[in-house]
Amino acid sequence: MNFETINFELKPNGIGIITLNRPEKLNAISFQMEEDLHELLDHLMTNLDCRVVIFGGMGRAFCAGTDLQEGLILNSKKIPVGYEKYHFLNVPEPLKKKMYHQWRISQIYVKMRKISQPIIAIIHGAAAGGGFGFAMAADMRIASEDVKFINASINIGLTGADVGGSYFLPRLIGMSRAAEIL
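Quick note on numbering: the sequence shown equals residues 1 to 182 in UniProt numbering.
It should be emphasised that the hints constitute simulated quantities derived from the structure, not laboratory data.
Please note that a few of the clues may not be correct.
To be verified - For each label pair, taking beta carbons as the anchor points, the in silico distance ranges come out as: (1) SER166 <-> GLU24: 27 to 35 Å; (2) MET140 <-> VAL91: 37 to 45 Å; (3) ILE15 <-> ALA179: 35 to 43 Å; (4) HIS43 <-> ILE181: 31 to 39 Å; (5) LEU48 <-> PRO92: 17 to 25 Å; (6) ILE120 <-> HIS43: 32 to 40 Å; (7) PHE3 <-> ASP49: 14 to 22 Å; (8) VAL91 <-> LEU68: 20 to 28 Å; (9) LEU10 <-> LEU95: 21 to 29 Å; (10) ILE17 <-> MET99: 30 to 38 Å.
As the list claims (entries may be wrong) - Cut-off 25 Å, straight-line C-alpha distance, at most; resulting in silico cross-link-like pairs (SDA-like, lysine to any residue): (11) LYS148 <-> GLN102; (12) LYS97 <-> ASN151; (13) LYS148 <-> SER116; (14) LYS25 <-> VAL147; (15) LYS114 <-> LEU10; (16) LYS97 <-> SER166; (17) LYS25 <-> LEU48; (18) LYS111 <-> GLU4; (19) LYS111 <-> ASP42; (20) LYS148 <-> ARG171; (21) LYS114 <-> ILE142; (22) LYS25 <-> PRO12; (23) LYS111 <-> THR5; (24) LYS97 <-> TYR167.
The beta-carbon is built from N, C-alpha and C at its ideal position, and this holds for glycine as well.
Work out the full structure, taking the sequences as your base and the hints as a guide.
So, in structure tokens, the structure goes:
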């Protein structure tokens with residue numbers, strides 16, 4: 001399988017390797033990366049030749065979260081993939097587009113938990129926002145000594161929904177410690 005923003009390799013021994021491949025942007029989650037991950041995770045749900053997934057990032061960082069420069073597109077006339085099927089709430093169009101985008105990203109983390117293969121996140125550099133979410137959604141995390149886990153969405157006021165952090169973090173480190181971070 002070929003993707004624009006991620007690499008995927010299935011080794012003969014059943015190990016699948018996902019590598020986020022936008023090193024010039026610290027592997028920030030673009031709209032294209034979102035679609036690439038959806039397509040790959042959908043494929044992995046039915047591909048039992050892959051028995052385990054190693055999930056990492058190319059370059060200096062694991063994943064710096066959502067590409068905020070692409071957020072400007074949400075204010076444009078461009079229609080996000082699948083948006084036409086999204087019907088809920090009587091809200092103004094710009095807000096509805098943003099809500100759809102938040103929902104679409106959150107579905108990646110749901111799919112990470114749904115696939116039968118265990119996911120091992122190999123984390124280095126920054127794991128911020130959505131990257132922090134990727135790390136928490138994995139079944140196991142192996143972090144380098146230089147890693148920085150950052151719950152960026154709350155720090156910058158982007159969202160309180162935080163792509164799963166408020167769900168995963170208390171389950172990983174306990175409610176009291178998670179409350180300090182969240």
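How the hints compare with the structure:
1. Checking the proposed 27 to 35 Å range against SER166 and GLU24 shows it holds: the Cβ atoms sit about 30 Å from each other.
2. Separation of MET140 from VAL91 is about 39 Å and conforms to the stated range, judged on CB atoms against 37 to 45 Å.
3. Taking 35 to 43 Å as the suggested C-beta distance range, the pair ILE15 and ALA179 conforms, at roughly 37 Å.
4. Roughly 33 Å separates the CB atoms of HIS43 and ILE181, a value that falls within the hinted 31 to 39 Å.
5. For LEU48 and PRO92, the hinted distance range of 17 to 25 Å is not satisfied, since their beta carbons lie about 44 Å from each other.
6. Separation of ILE120 from HIS43 is about 18 Å and departs from the stated range, judged on CB atoms against 32 to 40 Å.
7. At roughly 18 Å, the beta-carbon separation of PHE3 and ASP49 lies within the given 14 to 22 Å, and the hint holds.
8. Between VAL91 and LEU68 the C-beta distance comes to about 22 Å, which sits within the given range of 20 to 28 Å.
9. Judged by the Cβ atoms, the range 21 to 29 Å given for LEU10 and LEU95 is violated: they are separated by roughly 40 Å.
10. Look at ILE17 against MET99: about 33 Å separates their beta carbons, and that is inside 30 to 38 Å.
11. Taking the CA atoms of LYS148 and GLN102, the gap is near 23 Å; set against the 25 Å cutoff, the hint holds.
12. In summary, the hint linking LYS97 to ASN151 is supported, as the alpha carbons are separated by about 23 Å, within the 25 Å threshold.
13. Simply put, LYS148 and SER116 have alpha-carbon atoms about 28 Å apart, too far for the 25 Å limit, and the pair is violated.
14. Our distance criterion of 25 Å between C-alpha atoms is met by LYS25 and VAL147, whose separation comes to about 17 Å.
15. Straight-line distance between C-alpha atoms of LYS114 and LEU10 comes to about 19 Å, which keeps the hinted pair within the 25 Å bound.
16. The hinted pair formed by LYS97 and SER166 meets the criterion: a straight-line CA distance of about 23 Å does not exceed 25 Å.
17. As the CA atoms of LYS25 and LEU48 are separated by approximately 32 Å, the hinted pair breaks the 25 Å bound.
18. Taking the CA atoms of LYS111 and GLU4, the gap is near 20 Å; set against the 25 Å cutoff, the hint holds.
19. As the CA atoms of LYS111 and ASP42 are separated by approximately 8 Å, the hinted pair is consistent with the 25 Å bound.
20. Restraint check for LYS148 and ARG171: satisfied, since their Cα atoms lie roughly 20 Å apart, inside the 25 Å limit.
21. Between LYS114 and ILE142, the direct Cα distance comes to roughly 21 Å. Compliance with the 25 Å bound is thereby established for this hinted pair.
22. Simply put, LYS25 and PRO12 have alpha-carbon atoms about 31 Å apart, too far for the 25 Å limit, and the pair is violated.
23. The hinted pair formed by LYS111 and THR5 meets the criterion: a straight-line CA distance of about 18 Å does not exceed 25 Å.
24. For the hint linking LYS97 to TYR167, the alpha-carbon distance of about 24 Å falls within 25 Å, and the restraint holds.
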